[in-house]
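Starting from two chains that each stand alone, build the complex the way the hints lay out.
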Amino acid sequence: GAVVSQHPSRVICKSGTSVKIECRSLDFQATTMFWYRQFPKQSLMLMATSNEGSKATYEQGVEKDKFLINHASLTLSTLTVTSAHPEDSSFYICSAPDWDRGGSPLHFGNGTRLTVT
Amino acid sequence: SQQGEEDPQALSIQEGENATMNCSYKTSINNLQWYRQNSGRGLVHLILIRSNEREKHSGRLRVTLDTSKKSSSLLITASRAADTASYFCATDAGGGSEKLVFGKGTKLTVNP
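In the order they appear, the protein sequences are chains B and S.
Quick note on numbering: the working numbering labels position 69 of the first sequence as 74, and the sequence is numbered without any gaps.
Quick note on numbering: the working numbering labels position 25 of the second sequence as 85, and the sequence is numbered without any gaps.
Simulated from the structure, these hints should not be mistaken for lab results.
One or more hints might be untrue.
Label pairs and their in silico Cβ distance ranges [unchecked claim]:
no.	chain 1	residue 1	chain 2	residue 2	range
1	S	Thr-124	B	Arg-118	16 to 22 Å
2	B	Thr-36	S	Thr-169	36 to 42 Å
3	B	Phe-44	S	Arg-120	16 to 22 Å
4	B	His-90	S	Arg-114	43 to 49 Å
For every residue, glycine included, the Cβ atom is placed at its ideal position computed from N, Cα and C.
Isolated chain S, as found in the complex (with noise of 0.2 Å):
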């Protein structure tokens, strides 16, 4: 399978500061999303970054995709503790079939 690695799997800052997650994959992907999960719930979608894309931003989300290292970042700037949460990067296994296969998330925790 083409599970995404992220990392680092735990991060811990201050509000305010900004963070950065990490994401890797194994195959050649149409997109890459990313998604939050809090404790305990299912998944929000946060942002859609295509093959053809490199970069994309969406309030204080800003994702990276780089398909030559298959690689994927989201930074999240001026972190708020409303912002703790895991995120999960997710790649689709082509086909149309829109069948995800995720990653194994990082864990945020943002301190007031």
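The following block holds chain B by itself, in its conformation from the complex (with noise of 0.2 Å):
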């Protein structure tokens, strides 16, 4: 079945410092991506939509300097946390639908876990 790849797993990081997320999408062509934050036992926060080839689109509330988000391919999309602080640590997770096969359900990458320091 279709796999979306996370990657990494886990960082850290100090304050100031940008994070780079990667989610790709392995056996499938993924023109939109969708970044989700979660906090410590609370629910998926959707962040953005990532398009390829253009804009990504972000939620009210999200800050688009803040966390840039770049799909230059049909099967990868990256999520750049800039200047982290530690409100930025958090679990960050991408889901991408696969619309060969109807798009639901959308398949998800294991997740980064952000810790700044």
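The following block contains the structure:
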């Protein structure tokens, strides 16, 4: 079945640095990818929709300059947390629909645990 | 937003018992999905029920949908310790975008 690979699974960085998270679709073309953020013991909150070849669509309240999204190919989307601060520490998860298989259900990456010290 | 609400927030049962989790949502939907998340991991899709369906089964899972009450339930029968996880319902935002809105989740603990 379709697989989405997310990397890294865990990252610790110092305050002020930037961190890049990659999300790859392994056996299907992902023209769309969704980026979610999850705080401990809470639900997933949609941050943005990444569209191949065009600008990402951000949800209300999500800073575009803080969370840079690039979807340069049909199999790769990246989320860069710029100038990270401790409050950016969270679990970030990407997902993608396989439109060739109807789109639902979404295929999720295994998430990235970001800790900013 | 039409974020779903699950209840209970946490559920602890003994192996072999059934577990029922409920989800309510606010607006019209095309479908409702249930996902499972093991601690610190991504989500695994369990089952999708369309708005014109009332009940669906998959193995030990049974999902019901009541669009008049804007609610759904997930029943796990004959639970196992390996079922311990958080369970989320998710509704689509419509428009064919596949953008999902997730509920707050139920943390299920199955004690051996």
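Comparing the hints with the structure gives:
1. S/Thr-124 to B/Arg-118: 16 to 22 Å: Hint violated: Cβ distance 34 Å, outside 16 to 22 Å.
2. B/Thr-36 to S/Thr-169: 36 to 42 Å: 39 Å, holds
3. B/Phe-44 to S/Arg-120: 16 to 22 Å: 30 Å, violated
4. B/His-90 to S/Arg-114: 43 to 49 Å: 47 Å, holds
Violated hints, in rising order: 1 and 3; the structure is consistent with all others.
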